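If you read the protein sequences in the order shown, they are chains A and B.
Numbering follows full-length UniProt numbering, with no gaps: position 357 of the first sequence is 357.
Numbering follows full-length UniProt numbering, with no gaps: position 191 of the second sequence is 191.
Treat the hints as calculated values from the structure; they're not laboratory data.
Incorrect hints may appear among the rest.
Treat identical chains as interchangeable: a pair holds within one or across any two.
[To be verified] Below, in silico cross-link-like pairs of lysine-lysine (DSS-like), each with a Cα-Cα straight-line distance of 30 Å or less:
| # | residue 1 | residue 2 |
| --- | --- | --- |
| 1 | 225 | 300 |
| 2 | 300 | 379 |
| 3 | 25 | 186 |
| 4 | 348 | 31 |
| 5 | 379 | 186 |
| 6 | 379 | 45 |
| 7 | 45 | 225 |
| 8 | 225 | 89 |
| 9 | 300 | 432 |
| 10 | 45 | 432 |
| 11 | 379 | 31 |
| 12 | 412 | 432 |
| 13 | 300 | 31 |
| 14 | 45 | 89 |
Here the structure is a predicted model, which is why all the values come from computation and not from measurement.
Number of protein chains: 2
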Amino acid sequence: MSERKLKLALSVYGVGGPGHHSLWKDPRIPKNASIDIDWYIARAKQAEAALFDALFIVDSQFINATYPAHYLNRLEPLTLLSAVATHTKHLGLIGTASSTYNSPFNLARRFGSLDQISHGRAGWNVVTSFDTGTSRNYGLEEHLDYATRYGRALEAVQVIRGLWDSYEDDAFVADVENDLFLDPTKLHALNHRGENFRVDGPLNLSRSPQGQPVIFQAGISEEGKTLAGEVAEGIYAPGEDFESAVEYYADVKGRLAAHGRHWDDLVILVGATPVIASTDAEAHDRAREIYESDNDFDRKLAAFGRGFGAYDFSQHDLDAPFPDVAALADKGGRTRSQAIIERAREEKLTLRQVVEESAQYKPSPFIGSAQTVADTIEKWFLGRAADGLNLRARTPDDIDSFTEEVLPILQKRGLFRTEYEAETLRGNLGLKVPENRYAVDTDASALVEA
Amino acid sequence: MSERKLKLALSVYGVGGPGHHSLWKDPRIPKNASIDIDWYIARAKQAEAALFDALFIVDSQFINATYPAHYLNRLEPLTLLSAVATHTKHLGLIGTASSTYNSPFNLARRFGSLDQISHGRAGWNVVTSFDTGTSRNYGLEEHLDYATRYGRALEAVQVIRGLWDSYEDDAFVADVENDLFLDPTKLHALNHRGENFRVDGPLNLSRSPQGQPVIFQAGISEEGKTLAGEVAEGIYAPGEDFESAVEYYADVKGRLAAHGRHWDDLVILVGATPVIASTDAEAHDRAREIYESDNDFDRKLAAFGRGFGAYDFSQHDLDAPFPDVAALADKGGRTRSQAIIERAREEKLTLRQVVEESAQYKPSPFIGSAQTVADTIEKWFLGRAADGLNLRARTPDDIDSFTEEVLPILQKRGLFRTEYEAETLRGNLGLKVPENRYAVDTDASALVEA
Numbered sequence: 001m002s003e004r005k006l007k008l009a010l011s012v013y014g015v016g017g018p019g020h021h022s023l024w025k026d027p028r029i030p031k032n033a034s035i036d037i038d039w040y041i042a043r044a045k046q047a048e049a050a051l052f053d054a055l056f057i058v059d060s061q062f063i064n065a066t067y068p069a070h071y072l073n074r075l076e077p078l079t080l081l082s083a084v085a086t087h088t089k090h091l092g093l094i095g096t097a098s099s100t101y102n103s104p105f106n107l108a109r110r111f112g113s114l115d116q117i118s119h120g121r122a123g124w125n126v127v128t129s130f131d132t133g134t135s136r137n138y139g140l141e142e143h144l145d146y147a148t149r150y151g152r153a154l155e156a157v158q159v160i161r162g163l164w165d166s167y168e169d170d171a172f173v174a175d176v177e178n179d180l181f182l183d184p185t186k187l188h189a190l191n192h193r194g195e196n197f198r199v200d201g202p203l204n205l206s207r208s209p210q211g212q213p214v215i216f217q218a219g220i221s222e223e224g225k226t227l228a229g230e231v232a233e234g235i236y237a238p239g240e241d242f243e244s245a246v247e248y249y250a251d252v253k254g255r256l257a258a259h260g261r262h263w264d265d266l267v268i269l270v271g272a273t274p275v276i277a278s279t280d281a282e283a284h285d286r287a288r289e290i291y292e293s294d295n296d297f298d299r300k301l302a303a304f305g306r307g308f309g310a311y312d313f314s315q316h317d318l319d320a321p322f323p324d325v326a327a328l329a330d331k332g333g334r335t336r337s338q339a340i341i342e343r344a345r346e347e348k349l350t351l352r353q354v355v356e357e358s359a360q361y362k363p364s365p366f367i368g369s370a371q372t373v374a375d376t377i378e379k380w381f382l383g384r385a386a387d388g389l390n391l392r393a394r395t396p397d398d399i400d401s402f403t404e405e406v407l408p409i410l411q412k413r414g415l416f417r418t419e420y421e422a423e424t425l426r427g428n429l430g431l432k433v434p435e436n437r438y439a440v441d442t443d444a445s446a447l448v449e450a
Numbered sequence: 001m002s003e004r005k006l007k008l009a010l011s012v013y014g015v016g017g018p019g020h021h022s023l024w025k026d027p028r029i030p031k032n033a034s035i036d037i038d039w040y041i042a043r044a045k046q047a048e049a050a051l052f053d054a055l056f057i058v059d060s061q062f063i064n065a066t067y068p069a070h071y072l073n074r075l076e077p078l079t080l081l082s083a084v085a086t087h088t089k090h091l092g093l094i095g096t097a098s099s100t101y102n103s104p105f106n107l108a109r110r111f112g113s114l115d116q117i118s119h120g121r122a123g124w125n126v127v128t129s130f131d132t133g134t135s136r137n138y139g140l141e142e143h144l145d146y147a148t149r150y151g152r153a154l155e156a157v158q159v160i161r162g163l164w165d166s167y168e169d170d171a172f173v174a175d176v177e178n179d180l181f182l183d184p185t186k187l188h189a190l191n192h193r194g195e196n197f198r199v200d201g202p203l204n205l206s207r208s209p210q211g212q213p214v215i216f217q218a219g220i221s222e223e224g225k226t227l228a229g230e231v232a233e234g235i236y237a238p239g240e241d242f243e244s245a246v247e248y249y250a251d252v253k254g255r256l257a258a259h260g261r262h263w264d265d266l267v268i269l270v271g272a273t274p275v276i277a278s279t280d281a282e283a284h285d286r287a288r289e290i291y292e293s294d295n296d297f298d299r300k301l302a303a304f305g306r307g308f309g310a311y312d313f314s315q316h317d318l319d320a321p322f323p324d325v326a327a328l329a330d331k332g333g334r335t336r337s338q339a340i341i342e343r344a345r346e347e348k349l350t351l352r353q354v355v356e357e358s359a360q361y362k363p364s365p366f367i368g369s370a371q372t373v374a375d376t377i378e379k380w381f382l383g384r385a386a387d388g389l390n391l392r393a394r395t396p397d398d399i400d401s402f403t404e405e406v407l408p409i410l411q412k413r414g415l416f417r418t419e420y421e422a423e424t425l426r427g428n429l430g431l432k433v434p435e436n437r438y439a440v441d442t443d444a445s446a447l448v449e450a
């Protein structure tokens, strides 16, 4: 087994939490950055020059005027990444798409195409879309509940993986002399009949050098973690503090064995918003300053509502007891929203108190001098809190200070690569190329026959 | 009004009809061309250097082993065109997508993103997908009938255009001093409630320099022509012969007035597979040779079945009377399949006879010396059989001979541009930028108030 190395994704414009509303005001970011493909290509090149594993494009589909700037006007992830693909060579391209509001056949085609265009660098971040606003953009009055969405997500991934295997790798013989382009015995229809989908296939697209796009996911709920254990190959985890990250890591990796999978079959990346300065104190001051640049209560209220499926809390009295929104717990990040509701009830908090408390400044673990941040990353990596980071850098300068100051320390310690191992996303993440389900293992058959 | 000029699209790998099965054997085409993004980018650059209006990407979603090589393994059009976008500057990018098997919100996002990535060069070729094979990839046992599909297509276009107008053009004020990124009065939810769709919006994407992607369509049936009259801005028409093309042109353009539209609001491109040689005779010899390179009966039978919704005619006796497949007429290109069924019945033809007759060699109107082809194009253009061509060139060499030999003649006659008029697809096609439906005409209001 090769030595374990830190994995790194760059989440462009995926900054959440305190201060993300004020990001558009930063003079280093063009005002139209969120729809400027040249800006994304430049960030991708920056990440590739620094040997990152992947660019990670998050997504959202519902907005109103209370949303942060980069949510309001946003490129669709697959079109964005296809444009980036031809300007990069090693960088993985992970795009977010909802299994709830797309047909499996369509998703299989789009991610399969990105995988071909990038010669094996595509990844799909499977989300189930939790807010009522999004469901109303797709004809539903209410979003689907957790169990339905995750059942559908699991089946969608299974169908899509089946479609990706439509052609065996040696299907196209292109034998001019014998007038044979395709060996027809190596094209397979899926004929899937499931609870949520019926899809015949085959897919009209062959496999890329990495076999299939890499399946990412961000499961925090019980259903999400179950899905992760069964099918995820990468996870974008919250990473709020070391202890909970270690617990999460063990929990999710512990679910792999039940599906005949190994710890190395899944890479866990924690979200990290680094703030780096000459000294720890200076970095912490800057982090707090960023937080305080975005201290508008109405925005905090709207952001709080997004955690409940974009619910509009402004209709309630701010100084009355926290409203009875138990029915909403299932709309958003359920685990977190249930905890908020229970605590508010027990401690008899007002809506305003709950919102202010939810939005209060919580310093990220990745704040400090380059040395401190490198130490923290080493601790998280070796302590099995993470296999790597999804870096939510705020500005191009933040990417630079991370790559120029922190990465060299990690490289010197042998924790991060000094050159790419491969030209595919799987190759760099250390994930196996999945064997085509229809391929006969001729070596093995030969052994059996011998 | 500006002088009327010929419009040109290049349909890469969209070659149909006789000889398309043998295309993969041409040594000038890489065996994996249909999934090779570099090959598409090179063709796009070739078209842009020759001042074409657009690259036109056709599509299909169902295959079996009888399909031609470039159908078997095919990039999804939107991912393909996004990758091409950043390697071109003036060329329009028209992608095919089905209104039957995609949600309007999803289509609005994907084409809107392509339009932003290309800075106003996107076009959507609306198809309704007619074959049962495709419907079975999307969970339906049978495809939807004509009326349902076209009703859905019309409503989808209306919804998508509504979503594209979500932001007025001056919505993003990005006023740092006053902490105002978006003028919230210029963001509009659609709240569409229709027969086929309910979509709230708004779309999380602003308009490009051309306002909205251009709507293309390929309506031949009565329903298709009705849809074209109401919403199409470009048509990909068959163009089998001059007389029927003139009739089609007048028919479709005649439908515009009922919707308050003008002849110039719709550009009709006819499909043209040129074969150019030193003399007319040589060109005709080469065209016949191409046809004869693909003379396999089983392939003809499969191709014939595709016109009936990918129906498998091999289950019938080839030498018995043409089978009773009237129920299939609605599955494919209805007008044409009905005519075939009727003629077979009247003339008591066998299945084999009908297939051979359907596949017989019909020389394209665009075969001959460069002079002859230029004359033909002039006749079609000035005679109002077409506003331009969708060039289905077989090989890069065929593009070259068209652009190097035919186009200069047309330019000398003042029929084709000598430089791009604009950097948007609308600008080059001479189509108006659609006004945002929510925009108040402040000049007009001022006049009224004055």
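* To do: Hint by hint, work out which the structure violates, then give me just those numbers in ascending order.
  => Those not satisfied are hints 2, 4, 5, 7, 8, 9, 11.
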